[in-house]
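Participant: Per the numbering used here: the sequence shown = residues 1 to 117.
Hints in this document: simulated from the structure, not taken from any laboratory.
Remember, predicted model here, so these are calculated numbers, not experimental data.
The beta carbon of each residue, even a glycine, is placed where N, CA and C say it ideally should be.
The reader is advised that the hints may include incorrect statements.
Stated by the list, open to error - Label-pair ranges, simulated between beta-carbon atoms:
1) S116 x K64: 21 to 27 Å
2) P87 x R44: 16 to 22 Å
3) Q1 x G102: 16 to 22 Å
4) A74 x A14: 30 to 36 Å
5) M100 x Q13: 38 to 44 Å
What the hints assert, rightly or not - Each computed SDA-like pair below joins lysine to any residue, with the alpha-carbon atoms no more than 25 Å apart:
6) K64 x A14
7) K75 x E43
8) K86 x G102
9) K64 x G41
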Amino acid sequence: QVQLVESGGGLVQAGGSLRLSCSASGRTSMYYMGWFRQAPGKEREFVARIRWGTITTAYADSVKGRFTISMEYAKSTVYLQMNSLKPEDTAVYYCASAGMGGTYDYWGQGTQVTVSS
Numbered sequence: 001q002v003q004l005v006e007s008g009g010g011l012v013q014a015g016g017s018l019r020l021s022c023s024a025s026g027r028t029s030m031y032y033m034g035w036f037r038q039a040p041g042k043e044r045e046f047v048a049r050i051r052w053g054t055i056t057t058a059y060a061d062s063v064k065g066r067f068t069i070s071m072e073y074a075k076s077t078v079y080l081q082m083n084s085l086k087p088e089d090t091a092v093y094y095c096a097s098a099g100m101g102g103t104y105d106y107w108g109q110g111t112q113v114t115v116s117s
């Protein structure tokens, strides 16, 4: 079992920044940690991922150059630094963990990010 707790969401004006955190506990033998988001009326979409214990990352095209995923291994915490935020980034953001098979099977409760225009 892996427990994931997100924090750091909030309300920000367009062009602003936020940093989300995801703290992992329990059986922290993940292979990937990922961030996803779901806007009202839309399906959940991939945002970014990092391979556990490495700096290997991947991003959705919509956030490349604006968002950065990073990891503080000693604290079992993954961050999502979000810069140059746009109203279309408004969503509930979730972190999730995956094993080597790549299936995200543990999810956090989500944190709301609202970007005003």
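Participant: Now, for every hint given, state plainly whether the structure supports it.
Facilitator: Here is how each hint holds up against the structure:
no.: 1; hint: S116 x K64: 21 to 27 Å; verdict: holds, 23 Å
no.: 2; hint: P87 x R44: 16 to 22 Å; verdict: holds, 19 Å
no.: 3; hint: Q1 x G102: 16 to 22 Å; verdict: holds, 19 Å
no.: 4; hint: A74 x A14: 30 to 36 Å; verdict: holds, 35 Å
no.: 5; hint: M100 x Q13: 38 to 44 Å; verdict: holds, 41 Å
no.: 6; hint: K64 x A14; verdict: holds, 17 Å
no.: 7; hint: K75 x E43; verdict: violated, 31 Å
no.: 8; hint: K86 x G102; verdict: violated, 29 Å
no.: 9; hint: K64 x G41; verdict: holds, 23 Å
The structure fails hints 7, 8 (numbered hints given earlier, in ascending order).
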